[in-house]
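Enquirer: Produce the entire structure from the sequences given, and follow the hints as far as they go.
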Amino acid sequence: MSGSRQIVSDEDSINLDDCYNLALDLVRKAGDLVKEGFEKLSKTVECKSGSWDLVTEYDAKVENLLINGITCSYPGHCFIAEETKADEVLTDAPTWIIDPVDGTNNFVHGIPFTAISVAFVLKKEIQIGIVYNPIMNEMYTARLGQGAFLNGKQIAVSNAKTLDESMYCHEISLARRDALRDKHMKRVYKITACSQGIRSFGCAALSLAYVARGSIDCYHLEDLYPWDVAAGALLIREAGGKVFKSDGGPYDIMDPQVVCAATDELSREVVEAIKVADEWNLRME
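For the sequence shown, the working numbering begins at -19 and goes up steadily by one.
One or more of the hints may lead you astray.
Claimed, not checked - Computed spacing ranges between beta-carbons, pair by pair: (1) T142 x S22: 42 to 52 Å; (2) K9 x H89: 18 to 28 Å; (3) N(-5) x K20: 31 to 41 Å; (4) L124 x V256: 32 to 42 Å; (5) A173 x G90: 13 to 23 Å; (6) A40 x T142: 26 to 36 Å; (7) H89 x G177: 21 to 31 Å; (8) G229 x G127: 17 to 27 Å; (9) K9 x Q134: 36 to 46 Å; (10) K20 x L124: 33 to 43 Å; (11) M116 x E252: 32 to 42 Å.
What the hints assert, rightly or not - 27 Å max Cα-Cα, derived BS3-like pairs, lysine-lysine: (12) K166 x K133; (13) K141 x K163; (14) K133 x K15; (15) K163 x K104; (16) K141 x K225; (17) K20 x K9; (18) K20 x K103; (19) K104 x K20; (20) K225 x K166; (21) K255 x K225; (22) K141 x K20; (23) K255 x K163.
Source of the hints: derived by calculation from the structure; they are not laboratory data. We put the CB at the ideal spot given by N, CA and C, even for glycine.
Expert: Next comes the structure, spelled out in structure tokens:
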């Protein structure tokens, strides 16, 4: 379930410092909820689109805390959030893009790769990005034009320019879906064959943050949603990295089929490898 709540707002009166400080405070409070749920032995777990697509009571609790907290200060702001029931639409109005618990499967199974992801968008440009893993106490933050940080310390992408010197990240679990299996596995096969290795964390927001901090050199995934990528995309760009669509086109907030990489050279090589793998797939059909 996904969607957008919209109310007319006067974006000219917005103080981005205030928005950032409010978001940080609310994300920390939301992190306490996530930690509570993570440590809880019994959770209420439901399936959404399939057995691989889980949701718990904490997804709604965290999302409500964030949306209600922001609305108290900014009643005219819009929201695009994972659990909200409406059609998602991005306008020029001030908009918060929220994933309350990214990596829900990890959260359910007690694996500490889970995160809260919050981005603030003004006139369709991402101004603020926050990715918080409360289990590992990692707070990734970025503001447009001001750099990217982990727990207050500035971070930067790696210098990797080729796949053979790169750690590549991809969500292998997408192969669980019949319609996606062949395409994704051929892409993984192609890129893994010429990279240093592959990692799959089960949490898009954290994977993007790892690119921003230089731990992962490139990340590629399709079948994503705006809330999976928005905050992490700003982190990577502010850390000096590149974010493109899988075909090499410009990143689209509302259609985030992304290749994220440390450098232009690496991103171009990944895009080309994807094209080669897709040609293999077409020949096999």
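Enquirer: Just tell me: holds or violated, for the beta carbon distance of G229 and G127 against 17 to 27 Å?
Expert: 26 Å, holds
Enquirer: Hinted pair, alpha-carbon criterion (27 Å max): K141, K20. Please report holds or violated.
Expert: 43 Å, violated
Enquirer: Would you mind confirming whether the straight-line C-alpha gap from K163 to K104 stays at or under 27 Å?
Expert: Roughly 31 Å between the alpha carbons, so the hint for K163 and K104 is violated.
Enquirer: Straight-line Cα separation of K255 and K163 no greater than 27 Å?
Expert: Status holds; Cα separation ~11 Å.
Enquirer: At the C-beta level, are A173 and G90 separated by a distance inside 13 to 23 Å?
Expert: 33 Å, violated
Enquirer: Holds or violated: are the alpha carbons of K166 and K133 at most 27 Å from each other?
Expert: Answer violated: K166 to K133 is near 38 Å, above 27 Å.
Enquirer: For the pair supplied as a hint, K104 and K20, is the alpha-carbon distance within the 27 Å limit?
Expert: It is violated: about 38 Å lies between the C-alpha atoms, which goes past 27 Å.
Enquirer: Looking only at beta-carbon atoms, does the pair K9, H89 fall within the given range of 18 to 28 Å?
Expert: Holds: the Cβ-Cβ distance is about 24 Å, inside 18 to 28 Å.
Enquirer: Straight-line Cα separation of K141 and K225 no greater than 27 Å?
Expert: 18 Å, holds
Enquirer: For the pair K9 and Q134, does the Cβ-Cβ distance stay inside 36 to 46 Å?
Expert: Hint violated: Cβ distance 25 Å, outside 36 to 46 Å.
Enquirer: Taking the beta carbons of H89 and G177, is their distance inside 21 to 31 Å?
Expert: 23 Å, holds
Enquirer: Could one say that the CB atoms of M116 and E252 fall in the range 32 to 42 Å?
Expert: Check passed, 34 Å falls within 32 to 42 Å.
Consistency with the previously given hints fails for numbers 5, 6, 9, 12, 15, 18, 19, 22, ordered from lowest to highest.
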